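Chemist: Take these sequences, add in the hints, and give me the full structure.
There are 2 protein chains.
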Amino acid sequence: MTYCLGIITKYGLVMASDSRTNAGNDHSNITRKMHTFVQPGEHVFVLLTSGSLSCSQSILTLLKRDYARNQGLAQAPTMYDAARVIGKAVREVADIDRAALERDDYAFNVNIILGGQVKGEPPQLFLIYPQGNPLQSCEESPFLQIGETKYGRPILDRGIRFDKTTLEEATKYALLSLDSTMKSNVTVGPPIDILVYSTDELDIRRRRRFSADDPALIKMRTRWDQALRQAVAKLPDIRFNTVPAPIPGENGSSEDSIQVVDHQPTDSDDQQAQMTGARSKSDQI
Amino acid sequence: MTYCLGIITKYGLVMASDSRTNAGNDHSNITRKMHTFVQPGEHVFVLLTSGSLSCSQSILTLLKRDYARNQGLAQAPTMYDAARVIGKAVREVADIDRAALERDDYAFNVNIILGGQVKGEPPQLFLIYPQGNPLQSCEESPFLQIGETKYGRPILDRGIRFDKTTLEEATKYALLSLDSTMKSNVTVGPPIDILVYSTDELDIRRRRRFSADDPALIKMRTRWDQALRQAVAKLPDIRFNTVPAPIPGENGSSEDSIQVVDHQPTDSDDQQAQMTGARSKSDQI
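So the protein lines, in turn, are chains A and B. Heads up, the first sequence is in our numbering, so the first residue is 1 and it goes up one at a time. Heads up, the second sequence is in our numbering, so the first residue is 1 and it goes up one at a time.
Since the list can't tell identical chains apart, any single copy or any two copies may satisfy a pair.
Okay, derived cross-link-like pairs now, BS3-like style, lysine-lysine, Cα gap no bigger than 25 Å in a straight line:
id : residue 1 : residue 2
1  : K183      : K10
2  : K164      : K183
3  : K119      : K164
4  : K183      : K219
5  : K64       : K119
These are computed hints drawn from the structure, not numbers from a lab. Only a predicted model underlies this, so the values are computations on that prediction, with no experimental measurement involved.
Modeler: Here it is as structure tokens:
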């Protein structure tokens with residue numbers, strides 16, 4: 001499995017990918033899923049790939065071969081054209097491999113995220129489907145995911161805002177989203193590649209690979225575990241009020257029996273709640 | 001879509017379900033997905049259903065008919081036997097409907113969570129698959145989900161411990177898990193049904209339906225949004241250090257370019273960080 005993520009805000013892009021590949025359970029391996037095409041001052045293209053490694057490798061090979069000849073992505077005048085160049089390579093490989101795959105019940109399932117900027121345009125973020133057609137992210141949905149997307153999505157839904165989220169914050173959210181996914185699905189795994197692109201930079205200056213035992217990654221994960229539990233602890237409390245049993249069957253329901261009440265700080269809290277507005281009044285709903 | 005969740009801890013069970021049903025886009029509707037069979041002092045069975053409403057209704061009809069005749073679940077001597085009774089009903093309906101469904105490319109996809117207790121046994125939690133076979137939860141995996149399970153799972157993975165989590169805490173986690181799912185998938189929707197069962201109670205005493213506009217639910221959701229953002233803000237910070245561009249291609253990577261540093265409290269923080277251990281020393285990794 002794979003989890004890749006592109007975030008776009010008015011400040012630029014954050015691109016992130018895991019590195020777990022398995023071509024069958026016995027071929028579990030590490031593969032870089034982030035690929036870059038850079039002409040400083042002219043264009044930056046960052047590709048994240050999911051799906052059959054064999055097929056995405058073929059697509060990358062075609063794209064790199066053309067790029068080396070100063071064709072394809074090297075000549076794309078806009079990000080949209082770049083997305084179409086990639087889509088064309090996807091279709092070329094589909095033409096070669098799809099029938100043979102489907103004959104044995106494998107799907108041609110390569111999805112690609114493209115983030116980057118071409119001089120004269122703002123940064124843009126696209127998803128290229130296995131059929132080769134491109135989807136562009138919009139300000140209302142300022143991130144795109146491929147692979148195992150669901151576990152890591154709620155934190156993004158709550159945290160990423162095109163107009164507000166800085167690249168530093170977006171990087172933190174990307175790490176948390178990857179980490180949540182790795183925790184819930186063991187087939188998504190480190191190292192994590194992160195690339196941060198600032199609008200109009202037209203070069204790649206921030207890029208890091210976090211290995212499984214990277215102290216920075218472990219620190220972020222440990223603190224996040226603690227912070228989440230503290231956050232839950234300081235939410236309104238649940239209080240039970242045992243009432244006479246409702247009529248058996250489908251109709252028994254009583255608001256009194258499960259109450260949501262303001263959190264009562266206790267000694268076991270980390271003493272933060274007392275300083276910051278958790279009222280001592282019950283304020284029961 | 002549906003999202004249902006059963007949590008088991010040494011203190012008892014928390015069962016939760018959404019209520020959104022759609023039989024085609026024009027038949028979006030509200031349906032209770034939680035069903036109870038109770039003989040006070042003898043047994044409590046709580047069923048949560050996902051999949052085709054038509055099929056799960058048929059299964060429930062068979063189970064209720066037998067129960068009214070003092071057969072089936074009414075006679076189950078253990079939770080395992082109860083799970084088998086339900087599995088048998090699943091298979092009966094599959095025998096009636098499966099071929100016709102599959103002829104039109106619909107799957108027979110009813111999944112059922114069974115939680116409850118029979119006198120003389122501890123509370124137990126099962127998942128009954130569409131094929132009728134039962135899976136029991138274990139202490140290491142003290143919750144079971146059906147339907148749209150992924151969005152709401154990370155918070156459970158981090159929060160639920162069989163030996164530690166109280167029923168009050170488990171109820172809070174269940175609400176957060178449902179709420180995360182509703183936020184990321186609009187086809188999972190309120191009202192939310194929550195039932196809390198305390199070990200050896202052998203009756204149903206805590207049960208509540210949270211409507212979409214329930215002030216308690218809104219309060220929990222609003223506070224959780226705030227708490228999550230505060231939690232992220234107080235994590236180690238990301239700091240960029242623009243370094244010379246790495247070699248274009250696949251090899252450029254620099255730990256210096258994306259740094260994880262201890263959080264520096266600012267005025268815009270909620271002033272909690274300063275009190276609780278976020279050191280002012282950089283402590284860069």
